[in-house]
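**Student:** Spelled out from the first residue to the last, the chains are:
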Amino acid sequence: MIKRIKTNKARIKDQLFKYFAMLCTGLCLLVLALLLIDIISKGIGRINWSFFSNLPSRHFDESGIYTALIGMVSLLFLTVLIAMPIGIMAAIYLQEYGTKNRFARIVEINIANLAGVPSVIYGILGLQIFVRIAGFGNSILAGALTLALLIMPIVIVATREAIKAVPNSLREASFGMGATKWQTTRNVVIPAAWGGILTGVILSVSRAIGETAPLIVVGALVYVPFIPEGPLDQYTTLPIQIFNWTSRPQQGFITNAAAGIIVLLAFTFLLNGIAIWLRNRWNNKVKF
Amino acid sequence: MRYKSNMLIKNVIYYFAILILSSCFKEYKGKIKIDGSSSVYPLTEAVAEEFREKASDIKVMVGVSGTGGGFKKFLRGEIDISNASRPISKSEIEQAQKNGIRFIEIPVSYDGMAIVVSPKNSFVDYITVAELKKMWSPESQGKITKWNQVRATWPDLPLNLYGAGTSSGTYDYFTLAINGKAKASRGDYTASEDDNVLVQGVASDPNGLGYFGLVYYEENKNKLKLVPVKATDDAEAIFPNDSTVQFGIYQPLTRPEFIYVNIESAKKPYMHEFIKFYLENAEVLAKEIGYTPLPPQVYKLSYSRFRNEKAGSLFEKRSVVGVNLTEALTENQ
Chain L
1 MIKRIKTNKA RIKDQLFKYF AMLCTGLCLL VLALLLIDII SKGIGRINWS
51 FFSNLPSRHF DESGIYTALI GMVSLLFLTV LIAMPIGIMA AIYLQEYGTK
101 NRFARIVEIN IANLAGVPSV IYGILGLQIF VRIAGFGNSI LAGALTLALL
151 IMPIVIVATR EAIKAVPNSL REASFGMGAT KWQTTRNVVI PAAWGGILTG
201 VILSVSRAIG ETAPLIVVGA LVYVPFIPEG PLDQYTTLPI QIFNWTSRPQ
251 QGFITNAAAG IIVLLAFTFL LNGIAIWLRN RWNNKVKF
Chain H
1001 MRYKSNMLIK NVIYYFAILI LSSCFKEYKG KIKIDGSSSV YPLTEAVAEE
1051 FREKASDIKV MVGVSGTGGG FKKFLRGEID ISNASRPISK SEIEQAQKNG
1101 IRFIEIPVSY DGMAIVVSPK NSFVDYITVA ELKKMWSPES QGKITKWNQV
1151 RATWPDLPLN LYGAGTSSGT YDYFTLAING KAKASRGDYT ASEDDNVLVQ
1201 GVASDPNGLG YFGLVYYEEN KNKLKLVPVK ATDDAEAIFP NDSTVQFGIY
1251 QPLTRPEFIY VNIESAKKPY MHEFIKFYLE NAEVLAKEIG YTPLPPQVYK
1301 LSYSRFRNEK AGSLFEKRSV VGVNLTEALT ENQ
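Line by line, the protein sequences give chains L and H.
Quick note: the first sequence uses our numbering, first residue 1, plus one each step.
Quick note: the second sequence uses our numbering, first residue 1001, plus one each step.
Just so you know, the hints here were simulated from the structure itself, not pulled from any lab data.
Fair warning: there could be bad hints in the mix.
[As the list claims (entries may be wrong)] Cross-link-like lysine-lysine pairs, in silico, DSBU-like; alpha carbons within 35 Å at most:
#1 K1225/H <-> K42/L
#2 K42/L <-> K1143/H
#3 K1223/H <-> K1287/H
#4 K1120/H <-> K42/L
[Unchecked claim] What follows is a list of derived Cβ distance ranges for each label pair:
#5 T1232/H <-> Q251/L: 33 to 41 Å
#6 Q251/L <-> A1235/H: 29 to 37 Å
#7 S57/L <-> F1247/H: 29 to 37 Å
#8 T1190/H <-> N113/L: 31 to 39 Å
#9 I129/L <-> E1193/H: 21 to 29 Å
#10 T1232/H <-> L36/L: 50 to 58 Å
Just so you know, even glycine gets a beta-carbon here, dropped at the ideal spot from N, CA and C.
Next comes chain L alone, as it looks inside the complex (with noise of 0.2 Å):
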């Protein structure tokens, strides 16, 4: 008799975890779907090809997103370019190559930290670094190199988790037909891993995408009625854009900033669209 009312305990507290667990995920929802669509509400009506074609005005209903989404693209496009090179070199180096010494733990602990560091910081240090020692100014180089920065922990933790998750036995096998380690991880190890690299970097870029603080510190600019002709034109970006229209007296930026929300989520929606096309793709190709 006591152990089955023990048991009814037992299963009523797995019911009521359960349920407690749904809420839980059903406010997350709730609050996504609501700001959503509040957002969509009031920005879709002035989504139309002006929007997208138009250079930034006085006028809000002439006012469009042009330069800022070109100024964003490049420098998203030249941050990865960056990035994407060093972090997954230092991954693979610190995976494949480095020994499991003092110094290597505290690389390690190093860069999971820089990860959890306010972005406004890399913006502080990229000001010094970039805009004012090497001089590139309020370039959109400089802002890449920030971001570059600010990205390249995480580009860096997915590319050794990728890396890792590679079987030993492909790389012995690699190694006992006589291939050398730079053969092996060329040829083999990154190949294998190349989906889970992928990944991790269009999913820092979906983070670098809505980043303001560093890019105004480092000088991005609001009006620029021209897009970029080179890493070394200045720049706006949509963020800086909806940022400066929200903060406008008149109800019309507001309408204008909800829009370029709707079409910054969708980007995002899109590159991390990418991620998981891509992460499937690899999936079914590479088995081990």
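For chain L, the structure is supplied; the task is to place chain H on it using the hints.
**Tutor:** For chain H alone, coordinates are given in the frame of chain L:
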């Protein structure tokens, strides 16, 4: 498959290499770099937009890093023009002398600061500067918390204050005009750099009182109640509006906004052209974006001052509060 993606990456790298090279050799006819206050930004943006029609080969770009942030860049010689919602400070002038930067100060518009309460508030008919000081002075922190402590005839209701954040030029000017010293204010109020947040706060709080730029009141008239201000106890209560602000009747809460031009940059012909264009069109454009223009002769006086390359600040020796710009500029041609 791998081969193809390698080719793609290579092509992209070539593309960027060419871009980098070509941008090094690219010649612009002229670039004008502007940065600074967010409250001067809309006017400068409007001028830059119109100037684009006139001179499309001059690239004008405007940033918003705040009045202080703008001056920092300006004093390092990184930008040509600094947007400022307050005059340059003493320490900034010293910095300018140290760095060998000479500048021309040009007032471009007025900003009236509106004192607002909720439309549900029926008892506030006007407010005096002394009462505002009682509300906002640093000594009131934690002590003045009810409306009846400010004026005995007001009810025994909590007093909730909304005002500018500490890094904005609005904060600097308001504290100087009301409390007599820039940046001297109580800290226990809802502060935001974003005036739309303050609008929302006051609109939804029947016991609230806030201050922000007049244009934010004009755009939210139905949600707010404007309070007229008496400069002294027996003065007339003045509402801020286009004419009381433009002709300096709404005092002491009318502040001029400025652009500061680097004298070295000003020597370039296209910069001269831009400033001339700015001063010729500021009046119309300010009205269009909901700002208050200066009296027309002030723009003319400023232009002749600019043409004479008259360096330095008018406010090294005088206070900006209650200044008559026409007189001050005439004296300092």
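**Student:** With reference to the structure, classify each hint as holding or not holding.
**Tutor:** Consistency of the hints with the structure:
1. K1225/H <-> K42/L: holds (26 Å)
2. K42/L <-> K1143/H: violated (42 Å)
3. K1223/H <-> K1287/H: Answer holds: K1223/H to K1287/H is near 22 Å, not above 35 Å.
4. K1120/H <-> K42/L: holds (28 Å)
5. T1232/H <-> Q251/L: 33 to 41 Å: holds (37 Å)
6. Q251/L <-> A1235/H: 29 to 37 Å: Holds - the Cβ-Cβ distance for Q251/L and A1235/H, about 35 Å, lies within 29 to 37 Å.
7. S57/L <-> F1247/H: 29 to 37 Å: Holds, since S57/L and F1247/H (Cβ atoms, about 30 Å apart) stay within the stated range.
8. T1190/H <-> N113/L: 31 to 39 Å: Holds, at about 35 Å.
9. I129/L <-> E1193/H: 21 to 29 Å: holds (27 Å)
10. T1232/H <-> L36/L: 50 to 58 Å: At 53 Å between Cβs, range holds.
Violated hint for the displayed structure: number 2, the only one.
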